[in-house]
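Chemist: The task is simple: from the sequences and hints, build the whole structure.
Sequence order for the protein chains is A and B.
When you line the first sequence up against our numbering, it's residues 1 to 421, in that order.
When you line the second sequence up against our numbering, it's residues 422 to 740, in that order.
Be aware that a few hints might be false.
As the list claims (entries may be wrong) - Not close to chain A: a few residues of chain B, all C-beta gaps over 10 Å, as computed:
no., residue
1, S478
2, D599
3, N632
Unchecked claim - In silico DMTMM-like pairs for lysine to aspartate or glutamate, Cα to Cα no more than 25 Å straight-line:
no., chain 1, residue 1, chain 2, residue 2
4, A, K176, B, D599
5, A, K176, B, E592
6, A, K72, B, D510
7, A, K84, B, E677
8, A, K111, A, E153
Treat the hints as calculated values from the structure; they're not laboratory data.
Backbone N, C-alpha and C fix where the C-beta goes; we use that ideal spot for every residue, glycine too.
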Amino acid sequence: MLKLKHLVVSTCVGTLLAVCSTQLVAEETVTVLHNQQDQFIRDTWDDIRVDFEAQNPNITVQLDFMDDDAMKARLPTLLQSNAKPDLYWSFGGGNYRVRAEAGLLADITDKADRLRANIGSGAMSAFEVNGRLYGAPYRLAQVGFWYNKSLFEQADVNADSIETWDDFLDAVSTLKEAGITPIAAGGAERWPLHFYWTYLAMRIGGQDLFQSILADEASFDNEHYVRAGEELRRLAELDPFQPGYRGMAYNEAAGVFGNGQAAIHLMGEWDIGVQTSESESGEGVSGGNLGYFNFPMVAGGLGDPSATLGGVDGWAFTSGNGSDAAVRWLEFFLAPEQQRKLAAAGIIIPVANGAAEAVEDPHMKQIAENIANSSWHQVFWDQALGADVGGVINDVSAELFAGEISPEDAVDRVQQAWDFR
Amino acid sequence: MKSVDIALEAQRTGRLSAVKEWLYRHNTGGRLSTLLLFIPPALMVFTLLVILPIAESGVYSFYRWNGFTALSDSGRWVGWRNFQFILQDPVFHQAVWNTAKIVLISLLIQLPLAMMLALSIASKGSLNTLFRLVYFLPFILADVVAGLIWRFIYDGNFGLVAAFTQLFGMESFYPLADRDWAFNAILVVVVWKYFGYHMMIYIAGLQSVPNDLVEAARLDGAGRLQIIFRIKLPLIMPAIRLSIFFSVIGALQFFEMAMPLVTSGGPSGSAHTIVTYLYEFGIVRSRIGFGSAVAVLLFVMCAIFAFIYQRFVMARNTA
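Modeler: Below you can see the structure in the form of C-alpha cells.
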C-alpha cells in the first residue's frame with residue numbers, strides 16, 4: 001500500500017517536472033533570411049512577427065536581411081555551413097530544384113497539409129520537386145514598364161498608344177528629344193537588362209520556343225532569338241539609359257527613376273516600393289504620377305502579347321531545419337489573413353486563396369489581373385535556367401546593349417553554356 | 422661454409438660502421454634527431470591544409486561539378502574542357518592582362534614613388550614621423566573598406582569625381598561604368614593603398630645604411646644623386662627585391678578591394694582580375710570544377726614566378 005502511494009506520488013511529481021521542462025525546452029528560434037530592401041515592407045513583416053510570437057510564446061522568429069547580390073554570392077557556402085537560416089528567400093526556379101535534389105533543403109511534404117489548404121496549387125507547384133515539397137510560395141510577380149506620367153506629359157507621349165515595339169521605340173526617341181532620360185537601368189547587376197532580351201524573345205518566339213529550348217529540342221541559336229537581339233540593338237542605338245548605367249546596381253537605378261530623373265523603368269511590381277524608398281525625397285514617383293504598361297507586342301512575332309515574365313517566389317527550408325516551429329511560422333505568415341493584410345498594403349500579389357481580392361492599389365490590382373489573364377507566365381529566365389546559364393544570359397544582355405557582341409554571337413555564347421551545363 | 426659466414430659477418434659490421442659513420446657525420450649537434458622529431462608534425466599539417474586541397478582542386482578541375490553534393494554523385498568528367506574554355510575566354514584574357522597591369526603599375530609607378538618618398542623622409546625627425554604615418558595610413562585600412570570609400574569617390578553624380586567635373590563644367594563622368602576606365606580606376610586605388618607599405622620597407626632598409634659610408638662619400642665629393650644611386654640603392658637592393666616580390670604576388674592574388682568597387686567584374690567583365698574571375702565564374706555561378714581549373718592555372722603561374730624569382734633574383738642576396 002505504501003509502495004503504491006509512493007509510486008503515485010513520484011509519478012505525479014515526475015509528470016509535473018516533465019511538463020515544466022518541456023515548456024522550458026520548447027523555447028525555439030526560427031531564423032529567416034531575405035533580400036528585402038524596402039523598410040516599409042520590413043516593418044510590416046515585423047508586425048506579423050510580433051503577432052505570431054504573441055500567439056506562440058515558445059517560438060522566437062528572427063528576421064535577417066541581406067543585400068540581393070551579397071545574398072546570391074553568400075548563399076552557396078552559407079547553405080553548407082552551420083550558420084544557415086531555417087528559412088530563406090528563393091525563387092521556384094533552377095537553383096531551388098538543384099538544391100532540393102542535392103539534399104540542401106528540408107522535405108516538409110508530410111507537414112504541409114495546412115499550407116496546401118491555403119495556397120493555390122498552381123503557385124505551390126513551383127516549389128515541388130519530383131512531387132516533394134521543400135518550401136512554399138509567398139507572392140507572384142510580373143515585370144513590366146513603369147513610367148512617370150508627368151515626364152510623359154512633358155514630352156507629349158501617350159503611354160496608352162504604345163502597342164508595338166516600334167511604338168515603344170518612338171516613345172523613347174520622343175522622350176530623348178524632349179531632353180528627358182528615357183529609361184533607368186541597373187546595368188552593373190545585369191539581370192535588369194536581361195528582361196529586355198527575354199521579353200523580346202518571348203514576344204517573337206512564343207511559348208513553344210521556350211519549352212523546346214528547355215526540353216533540348218531547340219537551340220538558342222535560332223532566327224527568333226537572334227531577332228530578339230536585333231530588336232534590342234534598335235533600342236540600344238537610341239542610347240536610352242541614364243549616364244553611367246553600367247556602374248549602377250538595381251537599387252541605384254530605382255533611385256534614378258524614383259527621383260524623376262528617368263521616365264521609364266522595366267521592372268517587377270516590387271519596384272513600386274523600392275523606387276520610393278531609394279528616392280531622395282523618400283516619396284518616389286507616387287500616387288497618380290506612376291503609370292504602368294505591358295511589354296508591347298513585336299510585329300511579326302509568334303508570341304501571345306498577354307504572356308507575362310515574372311516570378312513565383314517564396315521560402316525554402318534548409319536541410320535539417322524543417323522543424324514544426326518553422327513550418328508553423330510559415331503557415332502563419334502565408335495564411336490568407338496575413339496575405340490579405342500584405343495585399344491590402346500594396347506589398348504583394350498574394351498566393352493565398354481569396355487574398356487577391358484584398359489588393360487595393362490600382363497598379364497591383366492590374367498586375368494581379370495580368371497574371372490571371374496571361375496565357376503563359378514565364379518564371380524569370382535567368383532563374384529558370386540556373387545560376388550558371390542564367391549568369392551568361394545576363395552577361396550577354398549587358399554586352400548586347402553595349403554593342404560589344406552581335407546578336408548571332410550572343411545566342412552562340414548562351415547555347416554553348418547551355419550545352420555544357 | 423664457415424668462410425662464407427665470416428665474410429657475411431665482416432660485411433655486416435662493415436655496414437654497421439658505415440651507418441654509425443654516416444650518423445656521426447650527419448647528426449652533429451643532434452641535427453638529425455631534431456629533423457625526425459619536428460618535421461613530421463609540420464609536414465602533416467602542411468600536407469593536410471595545403472598539399473591536399475591543391476591536389477583536390479587539381480582533380481576537380483577535370484570535372485563539371487556544382488559542389489552541392491559529393492563529387493561522385495553529381496560530378497561529370499569533362500577532361501580538359503574547363504581549361505580549353507578558360508584559355509579561349511576573352512574575359513579570362515582580360516583578367517590576365519589586368520593582373521599584368523597591376524604588376525606593371527607597381528613596378529613603374531608605385532615602387533619608384535615609394536622609393537622617392539622613402540628617400541625624402543627616411544631620416545629621423547618628428548615631421549618625418551608624421552609624414553610616414555600619413556603615407557602609411559591607407560595600408561592600415563581593410564581592403565574592402567578602401568574599396569567602399571573609393572566607390573563613393575568615383576560616383577559620377579555625388580562623388581569627388583562629380584565635384585571635379587562640375588567644377589570644370591565638364592560632362593559627368595562615371596569611371597566605374599566605363600569599360601575602358603573601370604580597371605584604370607582600380608589601379609589608382611591600388612597605388613594609393615599599397616605605396617605606403619613599400620615605402621616602409623624602403624625606410625627600414627635606408628635606416629640600416631651606415632651613416633659613415635654616406636659621410637665618406639660626401640667627403641669624397643659625391644653629389645646627392647650619386648649618393649643615392651651609388652651608395653644607398655645598392656645597399657638596400659635586398660629590400661627592393663623583396664618589395665618587388667610582394668607586389669607581384671599581391672597582384673596575382675588581388676581580390677578584396679575590387680569586390681566593392683565593381684559588380685561581377687565591371688562592364689563586360691573588363692575589370693576582372695584572375696581571382697575575381699575565379700570567384701565570379703567558379704563560386705557565384707556554382708561551377709566548382711571550372712573554378713578549380715582557374716585556381717590550378719593561377720597556382721601554376723604563382724609557382725613558376727616564385728621559383729624563377731627565388732632562383733635567379735633573390736639568390737643574388739647571398740652571392
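Chemist: Please go over all the hints and tell whether each is borne out by the structure.
Modeler: Structure-based check of each hint:
1. S478: holds (16 Å)
2. D599: It is violated; D599 (chain B) is separated from chain A by about 8 Å at its closest Cβ, not greater than 10 Å.
3. N632: At roughly 52 Å from the nearest Cβ of chain A, N632 (chain B) sits farther out than 10 Å, so the non-interface label holds.
4. A:K176 / B:D599: holds (21 Å)
5. A:K176 / B:E592: Holds, at roughly 17 Å.
6. A:K72 / B:D510: holds (24 Å)
7. A:K84 / B:E677: holds (23 Å)
8. A:K111 / A:E153: Between K111 (chain A) and E153 (chain A) the Cα gap is close to 54 Å, so the pair fails against 25 Å, i.e. violated.
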